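**Q** Keeping the supplied structure of chain A fixed, place chain B upon it in accordance with the hints.
Chains as they are written, first to last, in this note's numbering: chain A, 399 to 696; chain B, 86 to 370.
No lab work stands behind these hints, which were simulated from the structure alone. Keep in mind it's a predicted model, so treat the numbers as computed, not measured. Using N, Cα and C, we set each Cβ at its ideal position, and we do this for glycine too. Be aware that a few hints might be false.
Stated by the list, open to error - Per the computed footprint, the stretches of chain B lying under chain A, defined by three or more beta-carbons under 8 Å from a beta-carbon of chain A, are:
id, region
1, 167-179
2, 332-340
Claimed, not checked - Just a few of them, taken from the derived set where beta-carbon distance is under 10 Å, the chain A residues facing chain B:
id, residue
3, I448
4, A598
5, F642
Given next are the chains, with one letter for each unit.
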Amino acid sequence: MATATSITTPVASPAASPATPRAGRGSFGWVMGTLAGLGLLIAALPVVIILIMSFSGGTNLDFPPQSLSLRWYGAAFDVLFGDKSEGTMSAFSAMTSSLIVGLITMLASVSVCVPLSYAVVRSHGRWRHLAELLFTLPIVFPLVVLGVAYLLMTEALSRETGVDLGLLRLAIPHITLALPFVLRNCLSAMSGVGVDLEEAAMSLGASPLRAILHVVVPLMKPGIMAGLIFAFIISFNEFTVTFFMYTIDVRTLPIWMYSRTVSSLDPTTLAISTLIIALDVALIAWVDKLVAGKGSLF
Amino acid sequence: MSTLNSGRLRLALLALPAVVLLLPFLLAVVFVLRFSFSADTQSIDGFSLERYLGLLDPFFLRSVVLTLKLAALSTVICLVLAVPVAMLMAAITQPIWRRVVTSLILLPMILNLLIQSYGWIMVLGPNGIINGVLLKLGVLDRPVQLLFNEIGVLVGLVQTALPLAVFPILGSMRAISAQYLEASASLGAAPWRSFRDITLPLLKPGLIGAASIVFAFNASAFAVPLLLGGRRVQTMGVAIRDMISPMFDWAGAAAAGVALIAITLATLMAATWLSTRTTQWQGAR
Numbered sequence: 399m400a401t402a403t404s405i406t407t408p409v410a411s412p413a414a415s416p417a418t419p420r421a422g423r424g425s426f427g428w429v430m431g432t433l434a435g436l437g438l439l440i441a442a443l444p445v446v447i448i449l450i451m452s453f454s455g456g457t458n459l460d461f462p463p464q465s466l467s468l469r470w471y472g473a474a475f476d477v478l479f480g481d482k483s484e485g486t487m488s489a490f491s492a493m494t495s496s497l498i499v500g501l502i503t504m505l506a507s508v509s510v511c512v513p514l515s516y517a518v519v520r521s522h523g524r525w526r527h528l529a530e531l532l533f534t535l536p537i538v539f540p541l542v543v544l545g546v547a548y549l550l551m552t553e554a555l556s557r558e559t560g561v562d563l564g565l566l567r568l569a570i571p572h573i574t575l576a577l578p579f580v581l582r583n584c585l586s587a588m589s590g591v592g593v594d595l596e597e598a599a600m601s602l603g604a605s606p607l608r609a610i611l612h613v614v615v616p617l618m619k620p621g622i623m624a625g626l627i628f629a630f631i632i633s634f635n636e637f638t639v640t641f642f643m644y645t646i647d648v649r650t651l652p653i654w655m656y657s658r659t660v661s662s663l664d665p666t667t668l669a670i671s672t673l674i675i676a677l678d679v680a681l682i683a684w685v686d687k688l689v690a691g692k693g694s695l696f
Numbered sequence: 086m087s088t089l090n091s092g093r094l095r096l097a098l099l100a101l102p103a104v105v106l107l108l109p110f111l112l113a114v115v116f117v118l119r120f121s122f123s124a125d126t127q128s129i130d131g132f133s134l135e136r137y138l139g140l141l142d143p144f145f146l147r148s149v150v151l152t153l154k155l156a157a158l159s160t161v162i163c164l165v166l167a168v169p170v171a172m173l174m175a176a177i178t179q180p181i182w183r184r185v186v187t188s189l190i191l192l193p194m195i196l197n198l199l200i201q202s203y204g205w206i207m208v209l210g211p212n213g214i215i216n217g218v219l220l221k222l223g224v225l226d227r228p229v230q231l232l233f234n235e236i237g238v239l240v241g242l243v244q245t246a247l248p249l250a251v252f253p254i255l256g257s258m259r260a261i262s263a264q265y266l267e268a269s270a271s272l273g274a275a276p277w278r279s280f281r282d283i284t285l286p287l288l289k290p291g292l293i294g295a296a297s298i299v300f301a302f303n304a305s306a307f308a309v310p311l312l313l314g315g316r317r318v319q320t321m322g323v324a325i326r327d328m329i330s331p332m333f334d335w336a337g338a339a340a341a342g343v344a345l346i347a348i349t350l351a352t353l354m355a356a357t358w359l360s361t362r363t364t365q366w367q368g369a370r
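With the rest of the complex left out, here is chain A:
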């Protein structure tokens, strides 16, 4: 709340000293610099603290840590891959589910968005607006309501027909959430592929399908890769909708972590968190390199 007042008070003050613009510039720069610094601090603080505390040598979470060690990473690997990691409630099974759901989300969303983006771009932009609008809907839709909607629909389906979707129970909503981002990346990749290259291939005797598969798709590769990675990141980190959809048998790593920490936080969870952060950052850096800053997260 201090930030709100600090911006309003100086607005009136420079009028008091119009003869000394330097003083005014000083207070303006100082206030803006402080607020910008505060904004950056708030954005990054939780992650920084997790990184530091995951290397703590102690058993409690007092900051700063008394000593540094890798012991909690050992404990994390033990929890994820060790002997205790058997059974459907285990971290290993949750991690496997997360990876499988992420893989399904990646492959399904990208394999439909590549042909869609071809169709949209080649129909001379007439459908582009409609397609973008339709496929943006899932991001504007509140996640809680999406969670309720998918839960009610899935439960009704299993009650009426007895169908058990298994991991698809989570993969179907994850695909919905990934589609907007994947389509964005495929569209921007497809926009760069000129129709003349395709026509050249066809004039040399390639069928339209072959021209697409052998000319267009390879040229779209960076956008396709970016789409794959974004889809995985979205699925792997999804919490809200999954929180509505999980069952005893079907749960992801974030849900496992939530049920573990619902009463208290422990350093092992922080080590697992750091590993997930490292994976996310590495994947984002990879996308950034692939599309050279043209990737669209929004």
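**A** Leaving out everything else, chain B in the frame of chain A:
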């Protein structure tokens, strides 16, 4: 003519798989809407407005007020922080630093909300960093409660929505010509005056856009109030979850979800109306 039609058919066929994958979403939307008008609480049966009338109980109305309050407060704080951050980002010329700051700001968007809440628990908790520092400095004699109440939720909402505020404002900021500010400075205006009379009015579309996105996003927040409010801060998101389980009032949850969307949409429409009005007004001036 036949080649044109077959070309069109081919494009339609290429678009079809994506539409099929979007279908569950569209069905889910229709389903939740239909469920909210159900006469039965656990299955779709008959038509009734009972679920919506049921939302008028004091418990749910309190959570509506709380949600709107937290969303509005976090929007104001986000804007106050986002404008200076956007100014900083627009001012940075070195590519490396621009990248560092952009990544820092994007961090809350990319990373898992659950994991980030662990960070806040260690910062805000009774044994956390803020309490530790304040106790050591002698400002406090006993820890203040910053977590599992509205303060903790507010901090989390500000952090997770900050990138959503920064980028629309940055877009408007980049469109402001530096010449305006130079002209106003050369005419003797102090920086605060230039900021108030030139920068802020020109930023208005970006500010309104940012405010409506942040408000809509935070009004429907679920993970942050759940994790940092510890279920004690009953925002609409948490209240909806509690209707599903332990209360098993599915139709009620569906109606509450529809109400949440209606409130969000009403806010966005009001914001659009406001922004067109102000741009017209600026044009007239």
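**Q** State whether the coverage of the region 332-340 of chain B by chain A holds or is violated, taking the criterion as 3 or more residues with Cβ-Cβ distances under 8 Å.
**A** With 3 residues in contact (Cβ-Cβ under 8 Å with chain A), the coverage given for the region 332-340 of chain B holds.
**Q** Given I448 of chain A as an interface hint, is the shortest Cβ-Cβ distance to chain B below 10 Å?
**A** The hint holds - I448 of chain A has a Cβ within 10 Å of chain B, the shortest such distance being about 5 Å.
**Q** Checking hints one by one. Is F642 of chain A an interface residue toward chain B, by the C-beta closer than 10 Å rule?
**A** Because about 7 Å separates F642 of chain A from the closest Cβ in chain B, which is inside the 10 Å limit, the hint holds.
**Q** Check, residue by residue, whether the region 167-179 of chain B contains three or more positions whose beta-carbon lies closer than 8 Å to a beta-carbon of chain A, and give the verdict.
**A** holds (count 6)
**Q** Return the status of the interface hint for A598 of chain A: holds when the least beta-carbon distance to chain B is below 10 Å, violated otherwise.
**A** Hint on A598 of chain A: violated, closest Cβ of chain B at ~18 Å, above 10 Å.
Going through the hint list in order, the structure does not satisfy hint 4, though it satisfies all others.
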